[in-house]
Amino acid sequence: MATNATNRYTAETLYISYRGVVVDVDFRSMSVTESVDTVDSSAGISRARTHIQTLNNAEFTIEYLEQLTTAGSAIRAALRLGADGTLIYAPEGTAVGKPRYSCIATVTGVDRSYPYDEIVSVSANLLRNGNWIAHYELLNSVF
Amino acid sequence: MNLPDVDYAIYQKLITSTTITNAVGGMPNPRIYNLQAPLTSALPYIIFYHNAGGIDNMTPRGEYTFDYRVECVADSRLSCYTIISASTTHLHNNDMPLAGYSNYRTKVGQVYSFIENDGGKQYWRKGFDITIQYSVS
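For the record, the sequence lines run as chains X and W.
Each residue of the first sequence is one higher than the one before, starting from 525 at the first, in our numbering.
Each residue of the second sequence is one higher than the one before, starting from 196 at the first, in our numbering.
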């Protein structure tokens, strides 16, 4: 990974594993959206809205270039629609001490694009199923 | 990250077509040159050269996009057209093998023509831009 004085970084060392298959070799981007639901607890003489946190959630989108079936069958099988398994990702790679994120996730959508004159790409959407198994910010998880 | 030798790949690809090598002549060393033909080269001949492109930085695997220009120089329009047309057919949408890399896209794009006059002679030039994309195998 390239380093610099401002400690900014790109995802060139991002590691992604799903259902035991390393799927990052042809990835182009991964997005992680974490959210928490709230219920309104404002009442009576409240002058400003208040809320209570309820359920939290995490969604993932992995965009990658598809390989021909001769080489890419393992990734196709791993990220097939409806699959459910362990997602592990590591934005800074898997060296000792680097942040680790993991959860059970379900593939809830797969978008494929077959342009005539461009490379074939896939976008897979995953939804966390249950709580985090590992999370750097929440659980101090590292490799 | 290595830099693929696309010059080598294009030359090796062009010389596999006997239509092209017979048309340019000069066998056993067909008149196909990288960047520039020797000053003493007879006509017709083909030159090809890197025009733009390089490393894509698209995925961890590593991809490359090279834009090359392939050009024929001849002393007649028909000769020039015949050679560049054969070159288009031979390269467009066909595999451009290179050890260690996987060629996943090869497309001819823009085509151009012009003529030069020098020393009382006409030099017909026709060529095309070709995009060649590799990923690391």
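Some hints here could point you the wrong way.
Keeping only pairs whose Cα atoms sit at most 20 Å apart, straight-line, the calculated EDC-like set for lysine to aspartate or glutamate is [to be verified]:
| # | chain 1 | residue 1 | chain 2 | residue 2 |
| --- | --- | --- | --- | --- |
| 1 | W | K302 | X | D641 |
| 2 | X | K622 | X | D564 |
| 3 | W | K302 | W | D262 |
| 4 | W | K302 | W | D324 |
| 5 | W | K316 | W | D202 |
| 6 | W | K302 | X | E536 |
Computed from the model, here is a short list of chain W residues facing chain X with C-beta under 8 Å [what the hints assert, rightly or not]:
| # | residue |
| --- | --- |
| 7 | N246 |
| 8 | I250 |
| 9 | P255 |
| 10 | R264 |
| 11 | R272 |
| 12 | Y299 |
| 13 | K316 |
Since the hints were derived computationally from the structure, they do not count as laboratory data.
Note that this is a predicted model, so its numbers are computed, not measured.
Beta carbons: idealized from backbone N, C-alpha and C, even for Gly.
Right, here's what the structure says about each hint:
1. K302(W) / D641(X): 9 Å, holds
2. K622(X) / D564(X): Violated, because 38 Å separates the two Cα atoms, which is more than 20 Å.
3. K302(W) / D262(W): Measuring from Cα to Cα gives roughly 10 Å; hence the hint holds.
4. K302(W) / D324(W): Holds, at about 9 Å.
5. K316(W) / D202(W): 30 Å, violated
6. K302(W) / E536(X): Roughly 28 Å separates the two Cα atoms, so the pair is violated.
7. N246: 19 Å, violated
8. I250: With a closest approach of 12 Å, the I250(W) hint is violated.
9. P255: 6 Å, holds
10. R264: 19 Å, violated
11. R272: Violated. Min distance 30 Å.
12. Y299: Where the cut-off is 8 Å and the nearest Cβ of chain X is about 7 Å from Y299(W), the hint holds.
13. K316: At 39 Å from the nearest chain X Cβ, K316(W) fails the 8 Å test, so the hint is violated.
Figure legend: structure checked against the earlier numbered hints; hints not met, in rising order: 2, 5, 6, 7, 8, 10, 11, 13.
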